[in-house]
Amino acid sequence: MSDIDKATVAKIARLARIKIEEDKLEPLAGELNNILGWVEQLDEVNTDDIEPMSSVVDAKLRWRQDEVTDGDKQASVLKNAPNAEYGFFAVPKVIE
Amino acid sequence: MTDLTKLTIADARDLLKKGDITSRELTEAHIEAVEAADALNAYIAKTPEMALEMADKADAKIKAGEQTGMTGIPVGIKDLFATKGVHTQACSHILDGFKPEYESTVSQKLWDDGAVMLGKLNMDEFAMGSSNETSYYGPVKNPWRRGDTDTVPGGSSGGSVASVAGFAAMGATASDTGGSIRQPASFTGTFGFKPTYGRCSRYGMVAFASSLDQAGTITRTVRDGAIMMESIAGFDAKDSTSVDLPVPNFEAALTGDIRGMKIGIPQEYHLAGMPGEIEALWHQGIEWMKAAGAEIVDINLPHTKYALPTYYIVAPAEASSNLARYDGVRYGLRETVQGGGLVDMYEATRAAGFGDEVKRRIMIGTYVLSAGYYDAYYLKAQKVRQLIANDFKRAFEKVDAILTPTAPSAAFAPGEKSDDPIAMYLNDVFTVPASLAGLPGSSVPAGLDANGLPLGLQILGKPWDEETVFKVSGVMEEAANFTAKPAEWWR
Chain A
1 MSDIDKATVA
11 KIARLARIKI
21 EEDKLEPLAG
31 ELNNILGWVE
41 QLDEVNTDDI
51 EPMSSVVDAK
61 LRWRQDEVTD
71 GDKQASVLKN
81 APNAEYGFFA
91 VPKVIE
Chain B
1 MTDLTKLTIA
11 DARDLLKKGD
21 ITSRELTEAH
31 IEAVEAADAL
41 NAYIAKTPEM
51 ALEMADKADA
61 KIKAGEQTGM
71 TGIPVGIKDL
81 FATKGVHTQA
91 CSHILDGFKP
101 EYESTVSQKL
111 WDDGAVMLGK
121 LNMDEFAMGS
131 SNETSYYGPV
141 KNPWRRGDTD
151 TVPGGSSGGS
161 VASVAGFAAM
171 GATASDTGGS
181 IRQPASFTGT
191 FGFKPTYGRC
201 SRYGMVAFAS
211 SLDQAGTITR
221 TVRDGAIMME
231 SIAGFDAKDS
241 TSVDLPVPNF
251 EAALTGDIRG
261 MKIGIPQEYH
271 LAGMPGEIEA
281 LWHQGIEWMK
291 AAGAEIVDIN
301 LPHTKYALPT
311 YYIVAPAEAS
321 SNLARYDGVR
331 YGLRETVQGG
341 GLVDMYEATR
351 AAGFGDEVKR
361 RIMIGTYVLS
371 AGYYDAYYLK
381 AQKVRQLIAN
391 DFKRAFEKVD
401 AILTPTAPSA
411 AFAPGEKSDD
421 PIAMYLNDVF
431 TVPASLAGLP
441 GSSVPAGLDA
451 NGLPLGLQIL
461 GKPWDEETVF
471 KVSGVMEEAA
481 NFTAKPAEWW
491 R
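Residue numbers (UniProt numbering), protein chains in the order written: chain A, 1 to 96; chain B, 1 to 491.
So that you can see chain B by itself, here it is in the shape it has in the complex:
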């Protein structure tokens, strides 16, 4: 029998339909793979009994002729999606012991389609990080190594990408605030997809920066991403920013035909000091698009360089407000002070419960929102955000999609950037602008660097035009023919 963990979701769907395999077999193989992948530290809570129960239900569903794309498919869930009765802490100590009494809409949609939960996935604490080094549960290891040296999987969806790249899940949910789906996908040779802001419900997602947070997927192929995205997308009355639009058949968009399509190349993304390999890969991507019949158009996004500083005002400001709820009263950790009062409890709880990066961002957010500084920082950033969104609006009058590198480097070694917050923030230089504008985007594995580490190319689309992003991603995937696999050192 072939190794069931190496199947794509699309292949597994077909085999399940034909009755060649059962979800139970598929799930058992993955439970074994999850156990064998402990060295990656991708899972921080495993749910094997639940998985088998869900698999049996899925098998019954398939027998009854009610199979949909995700029925019987074992997936991992990023720890910031609330899962009823199961560990949900956004990998923070402050949510110690929290088991929600409700289910996030995104995960509920997967379960409604018959998907199988393998467990909860590691991430940067509250999704604040680009290397998965800020998790309370320890760093995640990238299945891809630089020779014998470990590398980080990127972040914040580090567990999501490591589980999928390490064949310990067929797909994983992820979330993107400034690049937390696309950058780690690039670091691990996986396909990351972030839809338009408002496409997926944020209900039951642990909030980081509410005007930016958006759910998405990590899979090994573009088709798998289309299948999984279709399952999790859709209007939800429980999220006031969820938009009531029909969900297209994303898989049907994978026609392979981009002839006559206009692909924009933003001149501002040619960064000084960027590795030559990344420039070269980008150029290669342009050639692939041309060969497929697309027209390449140079475009300008003049406010690109201001996206990161804008993000590092807007996101911490929203975070400081969202994270005010962790006070030791209603859930999670509580630290009391001998003889102290309520405020002492708040301060002690938050001091003990938040990690350094989270504290740093809460402090920045509190400062930029405080009396006397609000206009100079927060209001200013909101105005520049508008200019960044306008740049894209203007560009999309001329082009159908935009092609850029996903990240300015390949995966780096642990500790390499964790001492310098700004160096870490620069990881997201190519992903943050689209997040600020709420645009759909993907990262497609496109090649390897000289050290044998994966590199991705980013494709961005117009609001609500996920189909074009999938279509172009599919063509890119075929042209790149990325078949490299990490050596399975962790098994």
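So that you can see chain A by itself, here it is in the shape it has in the complex:
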């Protein structure tokens, strides 16, 4: 089923927002195909009528009052930012 080529690796890398150099695409395709080829043994398993398991905890998510319990921490939130200006996270210019 899996047949990842260079173009697919480039597409995944773009989706994952990771820059991959051109000469690394081919080896990475090989690695990903190996791993995906190996996981495809799951196709042998009959999973008709099986509910997908998304959590091991049966409990429903808890509810609480819709009220502010935390906040007023602008300085804390920005403390580790690589670049913060005027109380905001600063990023490279998006619009010219």
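No lab work stands behind these hints: they were computed from the structure. Glycine included, every Cβ here is placed at the ideal spot set by N, Cα and C. Hints may be right or wrong, so weigh each one.
[Claimed, not checked] Derived Cβ-Cβ restraints for the label pairs, each shown as a range: (1) B:Phe-235 to A:Gly-37: 38 to 44 Å; (2) A:Gly-37 to B:Gly-276: 26 to 32 Å; (3) A:Asn-46 to B:Asp-14: 52 to 58 Å; (4) B:Asp-148 to A:Gln-41: 36 to 42 Å; (5) A:Ala-90 to B:Asp-14: 52 to 58 Å; (6) A:Gly-37 to B:Thr-255: 45 to 51 Å; (7) B:Asp-148 to A:Pro-52: 47 to 53 Å; (8) B:Glu-66 to A:Glu-21: 55 to 61 Å; (9) A:Glu-51 to B:Glu-49: 36 to 42 Å; (10) B:Ala-280 to A:Gln-41: 26 to 32 Å; (11) B:Thr-2 to A:Gln-41: 28 to 34 Å; (12) B:Phe-235 to A:Gln-74: 54 to 60 Å; (13) B:Gly-340 to A:Gly-37: 31 to 37 Å.
Mind docking chain B on chain A? Use the hints.
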């Protein structure tokens, strides 16, 4: 005076109570041991001043008659637990310079009990690895060597096990996503304990795969594990998957009495090609259980062989989503591109900040979640995960606990498996199924292989029945009488 670093937590607790030693003395001895263990590369940040301050507070607490199990006990904290104002990077370059403004619940519980922080412990980057070779801060060395050859400590909690096995911490926090507590414990002759998913709060733990991540402990004895686990367990409103159940007195479960208990032996764990020594040790473990009065029951966990492939879809999928937050905007590393825009910054930052294994898993996760592949991979894996959990549910109708080897090999040499991802993944063949099912489990040091390297046996229990896991672990520990110590070559 005896070497204070060789004490167990339980012994130190008693000596502290009697006033024979102070936490300050205990802490000073450990700060010295941490310095002397640099060759292990277990600590990536040391906090000696903080430790002494905490020790003095603990001594005051003890004087005031407010001592609990962990009061005054020096411990190490795995680098994925947020510690306020102290290095917290999950050993990734992408969290460069990150010092959280908050404390993880697990570490906070230790500090509330008066425990002492020695520093932050090395680990595989974002807990992705089984040999501690993917850390940005370099590999950890196992205190146990194969003759003169270095071995890996296992992973991802490599710093946790190396510090405890190397007497540079009395205990350490660790985390388990697919075996990251039990496998390294097996490699280092330490006791590793992973509780039921939901028993410990994940608040302030750097997320890898949220439906699997669970905090636990590394200690030198089962009793120490019970003491430390009791400190870190418990409900926390800040984690939506934390379960509101009372925390039992785990230490009280160590009765030494397993008469009449039914111990399951899963037939599917007899792997072709597994070293004979591991089969033999497993068999020995079965004999020990019988001798202690337990009844041995053969059980079947038919979907065992599908656990690893299931894990390597579910975990990367969740990781790709969790690790999307590292974008160079809010914390950690930022790489900009001359004349580039925002997306260029994201891509450059993530290219520079993540190591190869992390990139590989993000790519796999992104692919299996992408349009057109979601059903074939991710949904399929979630269904097989259900079947694996059902296997355990059925088995636990017949037995109280399950006994298996912890890992299919002893510690290996650095580089031996790092070129082949799948060979590395196979390390976790016995630990991943229980992680997928969210079960509590331990690894108990049970023997040495022909090269003198430790081997562990794994004990698994029913959800929320940590007490049985501790009880059986205690009996195993006594029967195995594992007293071997690594030669202290690093000092």
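Practice prompt. State the violated hints by number, sorted upward, taking the hints as numbered earlier in the document.
Written response: Hint check: 9, 11, 12 fail, others pass.
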